[in-house]
Each structure stands twice: as structure tokens, then as C-alpha cells.
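2 protein chains.
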Amino acid sequence: MENEKRTEIATLGEFGLIDHLTRSFPLKNRESILGVGDDAALIDNQGQLTVVSTDLLLEGIHFDLMYYPLKHLGYKSIVVNLSDICAMNARPKQVTVSIGLSNRFSVEAVDELYAGIQAACDFYGVDLVGGDTSSSLQGLVISVTAIGQVTPEKKVLRSTAKVGDIICVTGDLGGAYLGLQILEREKQIFLNQPETKPDLEDQQYIVGRQLKPEARLDMIEQFEKSGVIPTAMIDISDGLASDLKHICKQSGVGAFIEESGVPIHPQSEQMALKFKLDPITCALSGGEDYELLFTIDPKDLNKVRVMSDIYMMGEIVDAKDGIKLHTKGGNLHDLTAQGWNHF
Amino acid sequence: MENEKRTEIATLGEFGLIDHLTRSFPLKNRESILGVGDDAALIDNQGQLTVVSTDLLLEGIHFDLMYYPLKHLGYKSIVVNLSDICAMNARPKQVTVSIGLSNRFSVEAVDELYAGIQAACDFYGVDLVGGDTSSSLQGLVISVTAIGQVTPEKKVLRSTAKVGDIICVTGDLGGAYLGLQILEREKQIFLNQPETKPDLEDQQYIVGRQLKPEARLDMIEQFEKSGVIPTAMIDISDGLASDLKHICKQSGVGAFIEESGVPIHPQSEQMALKFKLDPITCALSGGEDYELLFTIDPKDLNKVRVMSDIYMMGEIVDAKDGIKLHTKGGNLHDLTAQGWNHF
Numbered sequence: 001m002e003n004e005k006r007t008e009i010a011t012l013g014e015f016g017l018i019d020h021l022t023r024s025f026p027l028k029n030r031e032s033i034l035g036v037g038d039d040a041a042l043i044d045n046q047g048q049l050t051v052v053s054t055d056l057l058l059e060g061i062h063f064d065l066m067y068y069p070l071k072h073l074g075y076k077s078i079v080v081n082l083s084d085i086c087a088m089n090a091r092p093k094q095v096t097v098s099i100g101l102s103n104r105f106s107v108e109a110v111d112e113l114y115a116g117i118q119a120a121c122d123f124y125g126v127d128l129v130g131g132d133t134s135s136s137l138q139g140l141v142i143s144v145t146a147i148g149q150v151t152p153e154k155k156v157l158r159s160t161a162k163v164g165d166i167i168c169v170t171g172d173l174g175g176a177y178l179g180l181q182i183l184e185r186e187k188q189i190f191l192n193q194p195e196t197k198p199d200l201e202d203q204q205y206i207v208g209r210q211l212k213p214e215a216r217l218d219m220i221e222q223f224e225k226s227g228v229i230p231t232a233m234i235d236i237s238d239g240l241a242s243d244l245k246h247i248c249k250q251s252g253v254g255a256f257i258e259e260s261g262v263p264i265h266p267q268s269e270q271m272a273l274k275f276k277l278d279p280i281t282c283a284l285s286g287g288e289d290y291e292l293l294f295t296i297d298p299k300d301l302n303k304v305r306v307m308s309d310i311y312m313m314g315e316i317v318d319a320k321d322g323i324k325l326h327t328k329g330g331n332l333h334d335l336t337a338q339g340w341n342h343f
Numbered sequence: 001m002e003n004e005k006r007t008e009i010a011t012l013g014e015f016g017l018i019d020h021l022t023r024s025f026p027l028k029n030r031e032s033i034l035g036v037g038d039d040a041a042l043i044d045n046q047g048q049l050t051v052v053s054t055d056l057l058l059e060g061i062h063f064d065l066m067y068y069p070l071k072h073l074g075y076k077s078i079v080v081n082l083s084d085i086c087a088m089n090a091r092p093k094q095v096t097v098s099i100g101l102s103n104r105f106s107v108e109a110v111d112e113l114y115a116g117i118q119a120a121c122d123f124y125g126v127d128l129v130g131g132d133t134s135s136s137l138q139g140l141v142i143s144v145t146a147i148g149q150v151t152p153e154k155k156v157l158r159s160t161a162k163v164g165d166i167i168c169v170t171g172d173l174g175g176a177y178l179g180l181q182i183l184e185r186e187k188q189i190f191l192n193q194p195e196t197k198p199d200l201e202d203q204q205y206i207v208g209r210q211l212k213p214e215a216r217l218d219m220i221e222q223f224e225k226s227g228v229i230p231t232a233m234i235d236i237s238d239g240l241a242s243d244l245k246h247i248c249k250q251s252g253v254g255a256f257i258e259e260s261g262v263p264i265h266p267q268s269e270q271m272a273l274k275f276k277l278d279p280i281t282c283a284l285s286g287g288e289d290y291e292l293l294f295t296i297d298p299k300d301l302n303k304v305r306v307m308s309d310i311y312m313m314g315e316i317v318d319a320k321d322g323i324k325l326h327t328k329g330g331n332l333h334d335l336t337a338q339g340w341n342h343f
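Listed in order, the protein sequences are those of chains A and B.
If you're matching positions, the first sequence starts at 1 in the working numbering and goes up one per residue.
If you're matching positions, the second sequence starts at 1 in the working numbering and goes up one per residue.
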């Protein structure tokens, strides 16, 4: 039909598209506590809450098999979902895995993928309870749904940060992005000179941040042990700036981040400079680090100070003060979210 | 690496591949009651069970957008998952929907898809609680996970049919397959002569069986009302023969099916003959009817007789007697499962 209106998806962007598509789906069931818009959904079972999160990984969009070993890909496809469950302060328990495979994949290749899936399931103590397999006309399609559990009083949403809360993160940022830059560079070198061996030796840490990220279940366990419940939490998949913006928007608050408080690994710093990139930009917009970004009530400060792997980066402020970065040079900039936009 | 062993996936087939990939995933969590191998997984919440099922739909494999309207596709993508939840005798409550879209799709096109998703969510009273959207290099990708609830005593597995149980189905079979044949034929005619209008007028019923299948939630409600709990159940997605084989294999039993008991709609019968196909073969191997295939204890026979939409087709027998079709002509044939094999 030639006269139909055609709006390009790119005009909405990923989050705009999700808002657009899901705004006319009000929740109907009493058990559906929380739907679209957080890291995971919450379902009430008269006691424990069931936490559900799902991710779709498509070849050529989310991964390039030229430098992504299938075993790592399997591991990561589980981890990125468990990370969403952890971001609700919940314990992951089960996963379902669906895959679409073209006939260029052999059983041995799929076994590699599942060896990675199994390694992740074993490491995090989760059960593979279902899935679907299909052939695919094109590339590899992986869809994972993770299911977790949390008690109602311990669940942590994105929408509950309060003015005065301290903004924390569980590890250094920007490494996964810079690891990807190295893999992309080596791919180009390989395509031009196939006899060249890839040069990844000095950058094991950041390449590992890209190829084998971990979900911070250990931090959820630390929170439990220390009796700390963050006031809001999200996992960093799109980048600190983009993910902090989600917390601020949904909580109706602003944020101040101190540049000097943003943890950056020395290897990330060096590699950024080598690529002529600003290290702080990589840390703010890089994405895929899968660290937990969370806020705590100042009264919990003493408990949090003694926990390992926690970096304090700033403070939640009034919405009218915006989302700002206080640079080492003393300037105040808007914290712009570049994030990953797949459209 | 040239010397690596390469086994084609086609040598295993879909079910063989699933077995192969999942056999080394024992369940670790106390809450994981049932994992891979039934219509859905079961998770214990100290009371209600959470039921989880997931399906992946890929363009060119599971649907052809030349004759599949996006709204119908959205509706069907939900229904096929709810059908799996119903097949556990459970009530569907929530769904997550992930989509991968290439840039040939406009926002209006995606809206059509979601209008169908919403129509299904509304009709079945389920909540959309999450998902993921991404661009895709590979055409349209739809991954749905459905979540339901059932009490432990009412759950129905595939593995619990007993010798002497009556085999029943909730509706006529083969229609969806024959509807697909019509759509494929009209597509070929259109490709050859684009000015021809598609001729679907006389076959509304079977085309509808393909384009707008329903999950038999109404039957789950009837079971509840009548106090009947089937001894085993599965939904017919791959075809009666293939799906009955799942029940028999997992229950360690055999089955006798009476050809005269297999419900076939008059329109399916006529259309099969027009396509020079055997109507019973279409009913046995057609697939995608999404009726419930279940077994009942003979003591429930009187309760089931008065329920609408139930057809009795045969009986569960000893495993050593195999899975047989007793034809109208009085012969006994092996019931061979052709089903859909996507590999």
C-alpha cells in the first residue's frame, strides 16, 4: 500500500521504541508487581517474588564471530541476563535459552556455545530449565530469559533513588568498550593481512572485560551479609551516563558525578590514550561492563565503606539540578548519554 | 581449524539436538521442579508453581511475511507460548516479548505486530512484563517467554500417562497445515501473476486455523470446573503423531489411535483431497493446530463425556505394543511421526 505512513524506527531510538510499543499494556494480573521499564519484571507468589529478565543477542549486531569465541559468547549470553536479575537485588535461579542456527554451524560449534552456557550456569548456580532451538536462514540468534527470586522487602528498583543518596558502582568502567576496540582493530589487521597474529597480549584485562564479563552476584551476597539494601540499582549495560539517566528519570531526581570518583583501570586509561579517546568518555559511555550502579542512603555509608569493590562517585540531587559531571578541572558539564543505540 | 570434526546438525534433528545439548545440565536448585523436556518448566514458590515456556520465531523459518499479516503474527507469537502453559494445565499470567527488527520495518509495521500481541494479551488476560528490542541484520526475530501459575496437585506433565488411559484431543486436526498449503499456493500464483487476487474465500476456516490459532485456555477452565485432571498433556504444535510420541516416550507407554476417532473438519477433508493429500496424514502430521492432546483416567470418562470440544481417539497401551493407528479399513499401522523438522 503506497500511501501508508512510514516512520523510521531510528527516529524513536531503542528506548523510545520500547516506550512507544509498551505504553498501551497496563498490567492486569494482581501477581504482576512490576512490568516493563526496569532491569527485570517482578511477579508475586504470596511470599517470594519471581524476577524475570530477557535479552536477545543477534549475530552482526551484538557480537561478531570473527573474534568472539563461541564458548565466551555462550557464557556472556547467560551473564548479561543474570546481571539484570542481580540489578533487582535478587538471586538468579533459572534460565531458558533459545537459539537459531544456520547450517554453517556444526554440532561441535553448538557444543562450544553450550559449554560456555554451562560454565556460566555452574558458576552462578542457575538451572537451564527450557528453551527452543530452530534453524535460522542467516546468522546465530540467542535469546535468554533469566528467572530469579527476592523477598518483597529486599527488591531494588530503578525508581526509588532519593535526593542525598550516594551514587556507587561495583567496579571500573570503560574496559569492555576498549577491549572491543582492540578486537575490532585486530580484526581489520587480520582482514588486510591474514598471516598476522592478533596482538592482544598486553591487554588481557580489558579484552577479558569484553569477552568474559561477570554478573556481580557476589555484590548481592555482600549486601545481604552487610544488611545493606541499595535505594536504587541498575546494571551498566549501555554505559554509566545512559544507565544513570534511567535511574534519575524513573526516580524523578538529578545526579552529580565527580570525575575523580569514576573508577578507570590503568589498562583502560592507557588504551584510551593510544586510541586517541578520552578515558572518562569511554568510562561514561562505553557500556557492557555489567557492573552494578546503585544508590545508598547516607546512613548506610559506614557499612558500605568496609565492603570491597565499591566506588563512590557522587550524589543524587534535585531533578532541577540535572545530571552533571564535575570534572577534575572544576567544571560542571551535562552528563550526556551516548550509550549503545542499535537502531 | 581445518582438522576439526564437523557433524551436521541435520544428523541429530531438532529433538536430538535438544537432548544432546541439555543432557549435561542437571538441576541444582531446590526450586527447579522440572526442567527441559516438557511443554514448560516448573518452579516451586512454596505454594503455587511458576510455569515458564519460551519460543523463538524467525522470519523465513516460522513465517513468511508475504502472506502473514503482522497483526496475526503478533497474536500467534503469544498464543503458541500460552498454549505451552495451558499444556501444563496452568493459567498463563505474564509474557516477555523480544524482537529483532531490520530497518525495512517502519514504526507503523511494528505497531501492527504489537496490536496483535496486545489483542492476544487482552483476550487471554496476560500481562506483558518485559522484553528486549534490537535491530537485526536477519529479518524479523520474535522471542516470547510465557509465565503461568498452577498448584502442585493440578500440574500435568507429559510423562505421567498410564496404560488404560483414554487419549483425547480438544479439536479438529490438520486444518492449520492445509491453511498453510493454500497460502503457499496463493503466494506462488501471486509471484507468477501479481495482478491475480488471492482466492481464500471458501477456506476461511482452515486459513484461520493457520493465521489465528488459539490457545485452549477455555479447556483448562473446563477441567477446573469439572474437577478433571488429565493424566498427561501436550499441545499439538508438531503434529498429533510427533506429539503423541513425546507423551509415549516420556511416560514409557504405547498408544492405539482409531482413525475414525481423529477429528477432521469437512473443509480440511475437502482441501486435502483437492491437494491430492490423504486427510488422515494431514491430521496426523500437520502440526500448528495448538489443540491439547491429553490422556484421562477411565474413571473420569463420565465427566469428560459431557464437556464440549473433546474427542476421544484411542487408548494408552503397553510400551511393547508400540504406537499404532487402527485404520478405518481395519489395518494396524505404525504411527510415524513426520512433524516439523526445522533442520
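Take the hints with a grain of salt, since some may be wrong.
[To be verified] Straight-line C-alpha distance at most 20 Å; calculated DMTMM-like pairs for lysine to aspartate or glutamate:
| # | chain 1 | residue 1 | chain 2 | residue 2 |
| --- | --- | --- | --- | --- |
| 1 | B | 71 | A | 221 |
| 2 | B | 5 | A | 8 |
| 3 | B | 71 | B | 112 |
| 4 | B | 28 | A | 221 |
| 5 | B | 71 | A | 218 |
| 6 | A | 28 | B | 199 |
| 7 | A | 155 | B | 31 |
| 8 | A | 5 | B | 122 |
| 9 | A | 5 | B | 112 |
| 10 | B | 5 | A | 111 |
| 11 | A | 155 | A | 202 |
| 12 | A | 28 | B | 218 |
| 13 | A | 274 | A | 202 |
| 14 | B | 28 | A | 108 |
| 15 | B | 71 | B | 111 |
| 16 | B | 276 | B | 199 |
| 17 | B | 28 | A | 122 |
[Claimed, not checked] Just so you have them, the derived chain B footprint on chain A, three or more residues with Cβ under 8 Å:
| # | stretch |
| --- | --- |
| 18 | 91-101 |
| 19 | 141-155 |
Since the hints were made in silico from the structure, they are not lab data.
From the three backbone atoms N, C-alpha and C, an ideal C-beta is built for every residue, glycine too.
Hint-by-hint comparison with the structure:
1. With a C-alpha separation of about 44 Å, the suggested pair residue 71 of chain B and residue 221 of chain A falls outside the 20 Å cut-off, and the hint is violated.
2. About 45 Å separates the Cα atoms of residue 5 of chain B and residue 8 of chain A, which puts this hinted pair outside 20 Å; it is violated.
3. With a C-alpha separation of about 5 Å, the suggested pairing of residue 71 of chain B with residue 112 of chain B holds against the 20 Å cut-off.
4. Between residue 28 of chain B and residue 221 of chain A the alpha-carbon distance is near 18 Å, which keeps this suggested pair within the 20 Å criterion.
5. In summary, the hint linking residue 71 of chain B to residue 218 of chain A is not supported, as the alpha carbons are separated by about 43 Å, beyond the 20 Å threshold.
6. Of the supplied pair hints, the one linking residue 28 of chain A and residue 199 of chain B is violated, its CA atoms being roughly 40 Å apart against a limit of 20 Å.
7. A distance of roughly 19 Å separates the Cα atoms of residue 155 of chain A and residue 31 of chain B; the hinted pair therefore holds under the 20 Å criterion.
8. Simply put, residue 5 of chain A and residue 122 of chain B have alpha-carbon atoms about 26 Å apart, too far for the 20 Å limit, and the pair is violated.
9. Under the criterion of a C-alpha separation no larger than 20 Å, the hint pairing residue 5 of chain A with residue 112 of chain B is consistent with the structure, at around 13 Å.
10. With a C-alpha separation of about 12 Å, the suggested pair residue 5 of chain B and residue 111 of chain A falls inside the 20 Å cut-off, and the hint holds.
11. With a C-alpha separation of about 40 Å, the suggested pairing of residue 155 of chain A with residue 202 of chain A is violated against the 20 Å cut-off.
12. Of the supplied pair hints, the one linking residue 28 of chain A and residue 218 of chain B holds, its CA atoms being roughly 18 Å apart against a limit of 20 Å.
13. A threshold of 20 Å between alpha carbons decides the hint, and for residue 274 of chain A with residue 202 of chain A the separation of about 13 Å falls inside it, so the pair holds.
14. Between residue 28 of chain B and residue 108 of chain A the alpha-carbon distance is near 25 Å, which puts this suggested pair outside the 20 Å criterion.
15. Taken as a hint, the residue 71 of chain B and residue 111 of chain B pair is honoured in the structure, with Cα atoms around 8 Å apart against an allowance of 20 Å.
16. For the suggested pair residue 276 of chain B and residue 199 of chain B, the alpha carbons sit about 19 Å apart, so the restraint of at most 20 Å is met.
17. Restraint check: the Cα-Cα separation between residue 28 of chain B and residue 122 of chain A comes to about 9 Å, which is no more than 20 Å; the hinted pair holds.
18. Counting residues of the stretch 91-101 of chain A whose C-beta lies closer than 8 Å to any C-beta of chain B gives 7; at least three are required, and the coverage claim holds.
19. Under the rule that three or more residues need a Cβ within less than 8 Å of chain B, the assignment of the stretch 141-155 of chain A holds, with 5 such residues.
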